[in-house]
Amino acid sequence: MPPSKMAQELVARVYALLHASALVGDECLKIWGPVVDGDEEEDEEGEKEESSEVKAFWVLYIDILFISLDGNAFEAAWASVVAALQDVYLPEASWAADRGAVVCSDLVSGAKRLELRGLPIAVGFAVFKAKETGGQYWVLIDPDMFEEGLCEETVTVLLDCASGETRLIGVEKVGGAVLGRKQMAGLIGQAEKRWLEWSNVLKG
Numbered sequence: 125m126p127p128s129k130m131a132q133e134l135v136a137r138v139y140a141l142l143h144a145s146a147l148v149g150d151e152c153l154k155i156w157g158p159v160v161d162g163d164e165e166e167d168e169e170g171e172k173e174e175s176s177e178v179k180a181f182w183v184l185y186i187d188i189l190f191i192s193l194d195g196n197a198f199e200a201a202w203a204s205v206v207a208a209l210q211d212v213y214l215p216e217a218s219w220a221a222d223r224g225a226v227v228c229s230d231l232v233s234g235a236k237r238l239e240l241r242g243l244p245i246a247v248g249f250a251v252f253k254a255k256e257t258g259g260q261y262w263v264l265i266d267p268d269m270f271e272e273g274l275c276e277e278t279v280t281v282l283l284d285c286a287s288g289e290t291r292l293i294g295v296e297k298v299g300g301a302v303l304g305r306k307q308m309a310g311l312i313g314q315a316e317k318r319w320l321e322w323s324n325v326l327k328g
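Taking our numbering, the leading residue of the sequence shown gets 125, the next gets one more, and so forth.
Treat each hint with caution, since some may be false.
[Said to hold, decoys possible] Computed cross-link-like contacts, EDC-like style, restricted to lysine to aspartate or glutamate with a CA-CA straight-line distance of at most 20 Å: (1) Lys297 x Glu272; (2) Lys306 x Glu321; (3) Lys306 x Glu277; (4) Lys297 x Asp268; (5) Lys297 x Glu316; (6) Lys255 x Glu277; (7) Lys236 x Asp268; (8) Lys317 x Asp266; (9) Lys253 x Glu277; (10) Lys327 x Glu272; (11) Lys129 x Glu276; (12) Lys236 x Asp150; (13) Lys236 x Asp211.
Source of the hints: derived by calculation from the structure; they are not laboratory data.
Take these sequences, add in the hints, and give me the full structure.
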């Protein structure tokens, strides 16, 4: 059975945010090995210097499983991805020229934690507009599935405050025309408070 439409959309959004936030450092994914004979550089005395080059890369696979879904799926999915990546350790790897393949050490002491850049967080909002109150509206943070069903306008703020300053990665707005620039600025302020909450949870 193929993934549902919602599952495909979540995967696309998570994948896009991984790239936009540059969360995973690329240097720690490189596996180095010696340069093959004939490609070494020579020093001033004409002797060949030993040098290395990238032979392979680590590839990370992420599976997301919702045990119980009750709305705001993207925020939950992204938080789980960040939490999982914080616990990733890469074993010490080297290039075996005689095998033409990567060899990994089974020693735990040689494993290195995955290099992460900052702590980007996604914060979801939904706008509930009551028809009986002359256009009055309420902005809900972390809406559940029932609340999402009653709202026509949703906003997701993607930001990172790990450096001490707010780095706004992106803002996604779907449906409705209630929120303007002034209200959106207020949501970013609320998202900063939400980031502190998530930071305390993810850092334990």
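We went through each hint and held it up to the structure:
1. Lys297 x Glu272: Roughly 14 Å separates the two Cα atoms, so the pair holds.
2. Lys306 x Glu321: violated (24 Å)
3. Lys306 x Glu277: holds (16 Å)
4. Lys297 x Asp268: Roughly 17 Å separates the two Cα atoms, so the pair holds.
5. Lys297 x Glu316: Holds: lysine 297 and glutamate 316 sit about 17 Å apart, inside 20 Å.
6. Lys255 x Glu277: holds (14 Å)
7. Lys236 x Asp268: Roughly 38 Å between the alpha carbons, so the hint for lysine 236 and aspartate 268 is violated.
8. Lys317 x Asp266: Since the Cα atoms of lysine 317 and aspartate 266 sit roughly 13 Å apart, the hinted pair holds (cutoff 20 Å).
9. Lys253 x Glu277: holds (9 Å)
10. Lys327 x Glu272: violated (29 Å)
11. Lys129 x Glu276: holds (19 Å)
12. Lys236 x Asp150: holds (14 Å)
13. Lys236 x Asp211: Roughly 11 Å between the alpha carbons, so the hint for lysine 236 and aspartate 211 holds.
When the structure is compared with the earlier hints, violations turn up for hints 2, 7, 10 and for no others.
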